[in-house]
Amino acid sequence: MRPPSSLRQEFLKKWMMGLQRYSTSKKNMSILERKKAIKLSADVAIASARNGTTCWSRALIANGYSKDGGDDKHLVEQILGPESERLIMKKVLTGGASVCNKRMRSKKILKRSCGIQRTRKFAPQVALASSIAKRLVRKRTQILRSLIPGGEFMNDVTLIEETLDYIISLRAQVDVMRSLASASELASEP
Amino acid sequence: MEPNTGTAETRSNGTASDGDDVAALESLQFTDEIHRLISATTTNNASSFTALLELPAPEAVELLHSPESAKLMAAPAPNIEDFKASFHFPSNSGLIERAARFSLFAGVGNNNNNTSNSPETPSNNPSANPQKAVKSEPAETESSEPLVSDPTVEKRCIKRKDREKKVKGSTKKSKTAMNESSEDAEKLPYVHVRARRGQATDSHSLAERARREKINARMKLLQELVPGCSKISGTALVLDEIINHVQFLQRQVEILSMRLATVNPRIDFDLDSIFTTESGSLMDSNFPSMVMPLVWPEVQVNGNRQQYQQQWHFDALQQAVWGREEVCNNYITPENSLLSYDSSANSATLHSNQMKMEL
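So the protein lines, in turn, are chains A and B.
Start counting the first sequence at 3; every next residue gets the next number (the numbering used here).
Start counting the second sequence at 10; every next residue gets the next number (the numbering used here).
Honestly, the hints are just simulated from the structure, not real lab data.
Please note that a few of the clues may not be correct.
[Said to hold, decoys possible] Derived PhoX-like pairs: lysine-lysine, alpha-carbon spacing no greater than 25 Å straight-line: (1) A:41 / A:92; (2) A:38 / A:15; (3) A:113 / A:92; (4) A:136 / A:113; (5) B:229 / A:141; (6) A:15 / A:41; (7) A:15 / A:92; (8) A:141 / B:240; (9) A:92 / B:240; (10) A:41 / B:240; (11) B:229 / B:240.
[Claimed, not checked] Here are some chain A residues pointing at chain B (derived, C-beta under 8 Å): (12) 36; (13) 40; (14) 111; (15) 130; (16) 133; (17) 135; (18) 139; (19) 143; (20) 158; (21) 163; (22) 173; (23) 175; (24) 179; (25) 190.
All residues carry an ideal CB built from backbone N, CA and C; glycine is no exception.
Turn these sequences into a full structure, and let the hints guide you.
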């Protein structure tokens, strides 16, 4: 389904704002640096379109923030806008990674300790279709968690919601980037 | 026609055998609710509202940002109405409740979700009407009293209260609707769950079932969103498709950022220069169709374009792109584009001016 044009417009606006930042800074960046800068500003822009309401957007912004170099911090500030940046970074830093990390770590430890007992008991049920299906689903959700930014900190329900939102935002991002790329390629042809 | 007041609770209404009357009354109430909602959320930027008008699935996603009011839209909307059928005219109370809930949410700042609900409800309710009309009658005959706090299986499931609508005797689907609708209710302490026939009633399994229903409803939304998933049955395969889709999109972003890095020695893209490049080849790309809303306020097909001629030199291009849009873009419709253009009128001029100043 097509992402709403408001989302795309907002993304384009913020992305351009972020890119402006690079024009003032160092010139003659290598191609890889440019690509990284473009991708980073695009990610932060599409994440800021959600304004800190979704987990993945906060994780993306956190990624953009924590990279080494004060450049990226300023980039985030610029894209988000000063007031909302404060709010969002508060959300990101406090409600975010550290707490969830500990929670997830303790969950994993618990699961591991329980799982050892579990497998011993239920080994004969391997052939059961439902258990196989459950195992498959669990594997898939693990993969999905690794794909969605910040997915390791979500429970199942939140994961699916975040995936929905993430897919739509990604589509908007791809649409805008593709259009810009083809337009600038055409413009620079002669 | 009867007055469409919210308190029009009448048994006579319940005999919704006359589909026409129902439909007409529904439409009156819909417009009423729409007006109410719009007035309640006028502070919203119009773009979000019109954007939300465009697609149901993204709307549902927007709704997901609010505390699970999306569930209303996901599946159970028709079923929820069954409950109210017993004592109110179905759409009335449903709409009023939702409106009340929205105004509550509006204070929390979930305005987007409120407006998104309003276009959804009219679209959902007409389809729900015939079902309502049919189902309300058996529900009515079974229940003697309207408001029921039945001796149901109470469950402190998600710390939300139920919506005090329990029609006695309605079973099966109604429970799931109840679960989800009760979850959608404002943040109140309990959810009341009725066990299905032949199923365990202890709190754990009920909680699990409610959770599973939630997950299944969201998976359905995801299936609609990802192309090619609706035919697949089975969670694992659907998840496979979703994973593939997400990976594909992420790869696309990488490739496109590489493309953009190679095309331009400078990293800041000069949108103006891209525009003023006179090339009919621009018509081939989707860029104009997307960016037009951004920089061309109030494009009218037959209207005067003289004012824009000086700025953009795109008279012919405009006409051509207009025609092209409806062909090239598979999803865009003229109404959509008009909507988006109108809504972006203000932001467009601002943005173009801003861009000009910066570059």
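Checked hints:
1. A:41 / A:92: 24 Å, holds
2. A:38 / A:15: The hint holds at about 19 Å.
3. A:113 / A:92: 31 Å, violated
4. A:136 / A:113: 16 Å, holds
5. B:229 / A:141: OK: residue 229 (chain B) and residue 141 (chain A) at ~20 Å, within 25 Å.
6. A:15 / A:41: 15 Å, holds
7. A:15 / A:92: 24 Å, holds
8. A:141 / B:240: Roughly 22 Å between the alpha carbons, so the hint for residue 141 (chain A) and residue 240 (chain B) holds.
9. A:92 / B:240: Violated, at roughly 43 Å.
10. A:41 / B:240: 34 Å, violated
11. B:229 / B:240: 11 Å, holds
12. 36: 4 Å, holds
13. 40: Holds: closest Cβ of chain B sits about 4 Å from residue 40 (chain A), inside 8 Å.
14. 111: 23 Å, violated
15. 130: The hint is violated - residue 130 (chain A) has no Cβ within 8 Å of chain B, the shortest such distance being about 15 Å.
16. 133: 13 Å, violated
17. 135: Interface hint status for residue 135 (chain A): holds (6 Å vs cutoff 8 Å).
18. 139: Hint holds; residue 139 (chain A) Cβ to chain B Cβ min 5 Å, cut 8 Å.
19. 143: Given a least distance of 7 Å, the restraint on residue 143 (chain A) holds.
20. 158: 6 Å, holds
21. 163: 5 Å, holds
22. 173: Holds - the Cβ of residue 173 (chain A) comes within 8 Å of chain B, reaching about 7 Å at its closest.
23. 175: 6 Å, holds
24. 179: 4 Å, holds
25. 190: 6 Å, holds
Hint check: violations occur at hints 3, 9, 10, 14, 15 and 16; the rest are consistent with the structure.
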